[in-house]
Structures are given as structure tokens and as C-alpha cells.
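Trainee: Protein chains in written order, with the numbering used here: chain A, 96 to 211; chain B, 3 to 230.
Rather than coming from a laboratory, the hints here were simulated on the basis of the structure.
You can trust all of the hints, since none of them are fake.
Label-pair restraints from in silico Cβ distances: (1) A/Ile-184 with B/Ala-9: 18 to 28 Å; (2) A/Val-161 with B/Leu-121: 12 to 22 Å; (3) B/Val-120 with A/Gly-158: 15 to 25 Å; (4) A/Asn-159 with B/Ala-6: 47 to 57 Å.
Some chain A residues well away from chain B (every beta-carbon gap over 10 Å; in silico): (5) Ser-123; (6) Leu-125; (7) Lys-127; (8) Ile-134; (9) Glu-136; (10) Leu-207.
Covered by chain B, according to a simulated footprint, are these stretches of chain A (three or more residues, beta-carbon under 8 Å): (11) 110 to 120; (12) 150 to 157; (13) 170 to 176; (14) 186 to 200.
For glycine and all other residues, C-beta sits at the position ideal for the given N, C-alpha and C.
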Amino acid sequence: MPSGLQNLDYAAFVVLFCIGLYMVLARSNLVKKLLGLNIMETAVFAFIVTSGMVDDGTAPILGNGVAGPFASPLPHALILTGIVVAVSITALALALIVEIHRQCGTIEADELKGAE
Amino acid sequence: MALAIAAAAVPMLAGVMALPRPGDPAAPVHARVAAHVVAHGAEETGAENLVTAVLLAYRGYDTFGEVTVMFAALAAVMTVLAPRPRERSPEPADGVAISPVVVFVIRLLAPFIAAFAVLVVLRGNVSPGGGFQGGVMLGALLVLLSVVTGRGNERPLLEPRLASWLQAAGPLTFTLVALLGFATAGAVLALPADPAWARGAMLLALELGIGVGTAAIILGLFLQMRGW
Numbered sequence: 096m097p098s099g100l101q102n103l104d105y106a107a108f109v110v111l112f113c114i115g116l117y118m119v120l121a122r123s124n125l126v127k128k129l130l131g132l133n134i135m136e137t138a139v140f141a142f143i144v145t146s147g148m149v150d151d152g153t154a155p156i157l158g159n160g161v162a163g164p165f166a167s168p169l170p171h172a173l174i175l176t177g178i179v180v181a182v183s184i185t186a187l188a189l190a191l192i193v194e195i196h197r198q199c200g201t202i203e204a205d206e207l208k209g210a211e
Numbered sequence: 003m004a005l006a007i008a009a010a011a012v013p014m015l016a017g018v019m020a021l022p023r024p025g026d027p028a029a030p031v032h033a034r035v036a037a038h039v040v041a042h043g044a045e046e047t048g049a050e051n052l053v054t055a056v057l058l059a060y061r062g063y064d065t066f067g068e069v070t071v072m073f074a075a076l077a078a079v080m081t082v083l084a085p086r087p088r089e090r091s092p093e094p095a096d097g098v099a100i101s102p103v104v105v106f107v108i109r110l111l112a113p114f115i116a117a118f119a120v121l122v123v124l125r126g127n128v129s130p131g132g133g134f135q136g137g138v139m140l141g142a143l144l145v146l147l148s149v150v151t152g153r154g155n156e157r158p159l160l161e162p163r164l165a166s167w168l169q170a171a172g173p174l175t176f177t178l179v180a181l182l183g184f185a186t187a188g189a190v191l192a193l194p195a196d197p198a199w200a201r202g203a204m205l206l207a208l209e210l211g212i213g214v215g216t217a218a219i220i221l222g223l224f225l226q227m228r229g230w
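Please take these sequences and the hints and turn them into a complete structure.
Mentor: So this is what it looks like as C-alpha cells:
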């Protein structure tokens with residue numbers, strides 16, 4: 096098991112994920128919850144891309160004369176799909192928040208819970 | 003609250019500390035599939051950008067699902083924000099008028115931004131980029147132009163009927179290329195190996211379809227959330 100300081104990047108992304116989780120759980124404004132969800136998604140993307148790094152590696156794009164160890168292309172492709180899905184989730188959530196505001200006049204979750 | 007977050011954080015930290023360090027060349031992430039893609043990706047798919055090779059060739063089905071997810075998100079937003087027949091109270095278009103300096107600069111830069119976006123889409127095979135990146139840039143430019151020229155929902159930058167077809171360009175292109183692959187190579191979404199230009203042409207068609215579809219969907223999302 097490697098020592099703790101080597102995986103400082105991963106630990107930082109876990110901390111970022113927990114910040115996003117706190118925003119989702121503790122804030123009652125719907126837009127803030129959505130922002131917390133975006134922070135959680137960003138932490139996961141950064142974690143997966145970092146796991147594909149190689150020491151002294153270059154981008155996985157072959158050209159003329161490009162050699163050396165390449166970073167793994169699989170995490171990048173996976174995260175592209177993930178970013179698109181995150182954008183779609185954010186768009187639909189914002190549309191729902193706009194409609195909730197139009198129907199109920201508020202976007203605070205505890206006021207919405209009372210005004211059923 | 004703090005207890006819940008600690009209960010979530012502690013197992014994650016423990017698991018993350020047990021991973022091989024980032025940058026280790028002997029990590030399992032580089033072992034089997036990634037090694038094969040790096041070694042044989044360029045000659046098997048014809049794309050020098052290995053990320054594009056993975057996205058469009060090795061994992062083409064995932065990208066097919068991804069463009070369908072984006073299209074479904076736009077359809078869902080249109081359903082949620084559909085205007086009710088009784089309440090069409092036009093919101094007053096108040097706010098600060100846009101400064102003419104901003105309008106001039108954006109109009110001056112728009113062709114260059116559009117050219118760069120199209121370049122990123124077309125050169126997805128050999129340089130960093132591809133359909134999604136160029137499509138997002140083009141969509142953001144169209145949103146900016148909609149705001150700056152004031153043509154929001156009355157005379158949108160894209161005609162509504164044309165816009166519907168362009169927004170479906172992503173899934174439609176993928177379906178066409180999949181059927182073409184089935185006809186020429188025997189498997190759905192296969193890339194034919196014999197004429198080298200056919201493979202490059204199919205990859206280019208996929209990139210263009212993804213780029214145009216993404217741009218139209220982003221403009222459509224903005225126009226949906228803005229007007230009604």
C-alpha cells in the first residue's frame with residue numbers, strides 16, 4: 096500500500112466530492128443543490144482522468160515523430176461521455192426548476208415541502 | 003449531517019489511498035485494453051487521435067447512446083417548459099441595454115470563432131478535438147449571437163423546422179452510418195477496411211453529425227429556457 100502523500104491528488108478529489116455532497120444535502124435552495132451535484136460530477140471526472148496519467152507521458156495522439164509513453168485514452172473517452180450526460184442532467188434540472196418557480200413561486204425546498 | 007458526510011468520506015478515502023499512485027506505468031489501467039488501443043489503434047481505425055478512435059470506433063455504441071441522451075434531454079426540456087395555453091403573459095424585456103462596444107466586438111469575432119469550431123470538428127481524427135468539442139463551441143457562439151443581436155424567439159437564428167432536423171442530426175447520422183457499416187462490412191456500426199477513404203469518410207460523417215447536432219441542441223436548450 097503506497098504512502099498517503101503519493102495519492103494526494105485522489106484525496107483532494109474525494110474532499111471535493113464531499114463538498115459537493117454537503118451542498119446537496121445541507122442547502123435548501125434548489126439551484127444550490129444543482130450546483131453541488133455539478134461539483135460532485137467534476138470531482139469524479141477529475142479523479143478518473145487522473146487515474147489514466149503516466150509518468151512523462153504525452154497526450155494519446157499519434158503524429159509524425161511522437162513517441163514515448165502515452166497516457167491511457169480510455170479514461171478520456173469515458174469522461175467525454177460523462178460530461179455530456181452531466182450537461183443533459185443540468186439542462187433538464189434547470190428546466191424543472193424554472194417550471195417549479197412558475198407554478199409555486201419559490202425554489203426553496205423547505206417551503207416547497209410545506210406548500211404541498 | 004456531518005455524520006452522514008463522514009460516513010461517506012471515510013470509506014472513499016480509505017479506498018483511494020489503496021490505489022496505485024497516479025502516473026504509475028504499471029497500474030492496471032494501462033495493462034490490457036489501453037495497451038492494445040495504443041499499439042494498434044491508428045492502423046485499425048484510421049484515426050491518429052486515439053481518444054477519437056476509442057470514442058467512434060472501439061466504443062461506437064456508447065457514443066450513439068450519448069447523442070441520444072442529449073437529444074432526449076432537449077425533448078424533455080421542451081416538454082417541461084411547454085407554454086400553457088392560458089398563461090402567456092409576456093414577461094417585460096427589461097434590463098440594461100447591451101453596449102454597442104460588446105455588440106461590435108462579438109460580431110467582429112464571430113466568423114473566427116465559427117471557423118475555429120468547424121476546424122476542431124473536421125480535424126477530430128488527427129488533433130485534439132472532435133464532434134462534441136466543436137459542436138459546443140458553435141452552440142455557444144450561436145447563443146451569444148442570439149443574445150447580442152436580440153433575435154431571441156421571434157426570429158430565431160435557426161428556422162424552427164430546420165432546427166428540428168438539425169437537432170436530430172446526431173442520432174440520425176449514427177443510424178445512417180450504422181446501417182452503412184452493416185451493408186458494407188457485415189456488422190452494425192462496423193468500419194470497412196478495404197477502401198481507406200470509405201473509413202475516413204464515415205468517421206468524418208460521424209464527426210459532422212455529432213458537431214451539428216450538439217450545436218443545434220445547445221441553441222435549442224437556450225431558446226427554450228429564455229422565451230416562454
